[in-house]
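Engineer: The lines below spell out each chain.
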Amino acid sequence: MNRIYLDHAATTAVRPEVLEAMLPYFTEKYGNPSSVYSLGREARRALDEARATVADLLGADEREIVFTGGGSEADNLAIKGVAFANRHKGNHIITSAVEHHAVLDTMHFLERNGFRITVLPVDSYGMVDPNQVAEALTDDTILVSIMHANNEVGTIQPIEEIGRILAEKKVYFHTDAVQTAGILPINVAELHCDLLSLSAHKFYGPKGVGALYVKRGTKIEPHIHGGAQERKRRAGTENVAGIVGLAKAFALAQGEIETSAAKLTALRDRLWDGIAARIDHVRFNGHPTQRLPNNVNVCFSFIEGEALLLNLDMHGIAASSGSACTSGSLEPSHVLVAMGVPPEIAHGSLRLTLGRENTEEEIDTVLDVLVEVVAKLRDMSPLYEETPSKPLP
Amino acid sequence: MYSERVMEHFTNPRNVGEVEQADGEGQVGNPICGDIMKLSIKVEDDRIVDIKFKTFGCGAAIASCSMLTEMVKGKTIEEARAITNRDVAEALGGLPSVKMHCSNLAADALQLAIDDYLSKKEEGSNA
Ligand SMILES: Cc1ncc(COP(=O)(O)O)c(C=O)c1O
Ligand code: FES
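Heads up: the sequence lines are chains A and B, in that order. What the first sequence shows, in the numbering used here, is residues 6 to 398, in sequence order. What the second sequence shows, in the numbering used here, is residues 80 to 206, in sequence order.
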C-alpha cells in the first residue's frame, strides 16, 4: 500500500538538498560559532550566511533575525519578550480566538501574571476584523498578535491592514507566519509587522528550529539566559546544522513559490470539488478565497473525526481532524468553535493539507477512499438514519 | 495508542446495525465528548439472542460497542447486567485513559436496552 501524506500543515519531510546542506555541520564542520579558531569561524560563517539568506527573503536586516528552537519558541519569545520588556508602558495585549496554542497559551500565562488580554472573535470564515483590532486598542495596549494564516482552516488574515493600523498607533505587532512561510510571499515591510515567527519543519526543513524577525528598535526581553548568542536575545550554542537547513529550505521554498502555489491550488481545487460533487452533507471550513493554497478543511455530518482518520490510515492516508475525540483534552477544535461551527459538526472535521510531492492520482485515490469511508461510517451512525435528508443544524 | 484488539474490532466491527423488531433499545449520549451510542437487543427465554449497535463515536467507541455485542450475545439478562465498562476495556486489551469513557457509552447503552426490555415485558404481562 502506498502512503499518501496529506498532513503538511503538521510537518513535512526534509528535502534531500536541505539534508545535504546540513550534514557537514554535524560532522566535519562541527565547530562552535563562538570559537575563535578556524573551525569555529567556519561555523560562524555558515550561521551568518543563513541569517543573511533569511533576512533577505523576509525583506529584513540580518540583525533583525533571531534563530530559535522552533515556531512555538519564536511565538513565546515574541509575546513574552515584548510583554515583559514593555510592561512600564502598559499591560494590555490583543490576540484572536483562532491563534495556535503556542500563542494562546502564552497569552493565558501572561494573564495569570498580571497582563490584560483581549481575545478578538472571528467571523464564520475564521477571519479577524481589522476594525475590531482598532476598537480594542487602549492607551495601555503594548502588543497585538494575529496569525498570518490559520493552521487548521487555512484562512489568511488581513495582516497588512491590521499592521498599517498598528504602525500608526505605534503598538507592537506580532504575526505567526508558521503556516505561510514557504507558501506565500512574505515581506515584513509590506505586512507592517514588528515581529514575525516561522518554523523550518513546515517548509521541508528540520524540526526544532525556527526564526523570529524582530524589527530594529523593538524592546524585547530574552527568556533563555546565558551566553551572548543571537545578540543576547536567545542564549545557547546555535543549532548550526538546523539553522543552515532552515535557511536552505526557506530559500528553496520561497524561490519556487509561484509554481508551487499554482500546483497546490490546482490539487486543492481538485480535492475540494471532488468532495463537493461526490459526498453530501458536507461543510467546508475557512475562507473560500482568502485561504492557503494547500488547505482543505471539511466537516462530514453524522460521523466522528477520529474514526474517519483511523479509517483513512487503514488506506495509507495521513490526515488530521479537529474532532474532540482526537485531542487529548476531548474539546473540539477551538478554531472551529470560534467560527461558530456546532460541536457535533466540528466532530466530523477533516483537515487535508497538500504538499510538493502530492499528485493528481493521489487526490483521486483519496476521493475514492473518502467516499467509501464516509459511507461506511454513516451506515454505522445513529444520526444518519434519523435525518437522512437534512444536514445537522 | 490503541491496542491491536481495539484496532481489529474497529476495522471489522461486529454486529453493526439494528435488530429487527427489537425487544429492547438503549441510546446514550456522552456528556464528555458529545458522542452517541445506540444498542438494540432481541431476547428469547431471558437470553439475549441478538444485539446490534450504531454509533456516532470515535475509534474506541466503535471497538467498545463491537466487543460488548460479542460479549453479550447468548448471555442471560442477569449475566449481561453484570458486564461493566471495565470488562469491555479489559477484553479489548486496555484503552488509553482518556478513552475509558468511550467504553462507558457501550456499557450504559446496554443497561438502558435491558431496562427497556424489562419495562416492555412488564407492560406486556400487565396488559
Ligand atoms: C500556526 C502555528 N504556529 C506555531 C506552530 C508551532 O511550531 P513548532 O512546531 O515549530 O513549535 C505551529 C505548528 O504546529 C503552527 O501551525
Ligand atoms: S466516544 Fe468520543 S472520545 Fe470516544
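In case anyone wonders, no lab produced these hints; they're calculated from the structure. We put the beta carbon where it would ideally sit given N, CA and C, even for glycine. Hints may contain errors.
Computed footprint of chain B on chain A, listed as stretches where at least three residues anywhere in the stretch have a Cβ under 8 angstroms from a Cβ of chain B [stated by the list, open to error]:
1. 51-60
2. 346-356
3. 382-389
Engineer: Does each hint hold? Answer for all of them.
Structural biologist: Against the structure, the hints:
1. 51-60: violated (count 0)
2. 346-356: Three-residue rule met by the region 346-356 of chain A, so holds; n is 3.
3. 382-389: holds (count 5)
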